[in-house]
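Go by the hints and put chain B onto chain A.
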Amino acid sequence: SAVISQKPSRDICQRGTSLTIQCQVDSQVTMMFWYRQQPGQSLTLIATANQGSEATYESGFVIDKFPISRPNLTFSTLTVSNMSPEDSSIYLCSVEGGTVYEQYFGPGTRLTVT
Amino acid sequence: RKEVEQDPGPFNVPEGATVAFNCTYSNSASQSFFWYRQDCRKEPKLLMSVYSSGNEDGRFTAQLNRASQYISLLIRDSKLSDSATYLCVVIRRAGNMLTFGGGTRLMVKP
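Chains as they are written, first to last, in the working numbering: chain A, 2 to 115; chain B, 248 to 357.
One or more hints might be untrue.
A partial selection of chain A residues facing chain B, derived with a Cβ cut-off under 10 Å [said to hold, decoys possible]: (1) T31; (2) Y36; (3) Q38; (4) Q42; (5) S43.
No lab work stands behind these hints, which were simulated from the structure alone.
Predicted model, so just to flag it, every value in this text is computed and none were measured.
Every residue gets a Cβ at the ideal spot worked out from N, C-alpha and C, and that includes glycine.
The following block holds chain A by itself, in its conformation from the complex (with noise of 0.2 Å):
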């Protein structure tokens, strides 16, 4: 299984400012995922990051509010932009394992806007 790590694990960030998550992992992969997981519900697919591609936002995320970067195999950036208090959630970034249908997922960003 990889090993994913994530920085920084949390912040508390004022309202209007922006935020760059950073994934590392400790193995090339071709794809990499963003999910937001927010207070007491489950998780919600951002977008998915191809190295050398834009990346692939789902419907109600846009690159202006999340933009993605993915200079390697091994590394991602996802930016929380011009951050509400509704932003406020747990970030993950995921790897796909053997197969897409699996992934290994990172520790997680805990933001909290204020």
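Positioned in the frame of chain A, the structure of chain B alone reads:
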């Protein structure tokens, strides 16, 4: 209607009890099904896949009912360490993206 629905619980059961969760899905084109486990303040981890013929892994049994569009997870001889949120995950044919249910919280008491 949500694409994947679960009873949020919590299910409070004593150690040694047998407990079952159901998960319903709305898209009949759904192709693959899984149960993930998420401990408090931790990331989700794959528990088991759900095959058409059903499958068993130790104390855990997963079943799929395509006609009624639901999957189930049965846990026998519950342990304190089984306390967690169990997430039902469905994959549609197109896109192969995971859709998570809201999760069912299980609390096993001594």
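Does the closest beta carbon of chain B sit nearer than 10 Å to the beta carbon of A:Y36? Status holds, d = 8 Å.
Under 10 Å, Cβ to Cβ, is where A:Q42 needs to be relative to chain B, so tell me if that hint holds or is violated. 7 Å, holds
Minimum beta-carbon distance criterion (10 Å), A:S43 to chain B: This hint holds: A:S43 lies near chain B, its Cβ roughly 4 Å from the closest one there, short of 10 Å.
Let me know if the C-beta of A:Q38 comes in closer than 10 Å to any C-beta of chain B, holds or violated. This interface hint holds because 9 Å falls under the 10 Å limit.
Would the hint on A:T31 stand, with a C-beta cut-off of 10 Å toward chain B? Hint violated; A:T31 Cβ to chain B Cβ min 13 Å, cut 10 Å.
Hint violations for this structure: number 1 only, all remaining hints satisfied.
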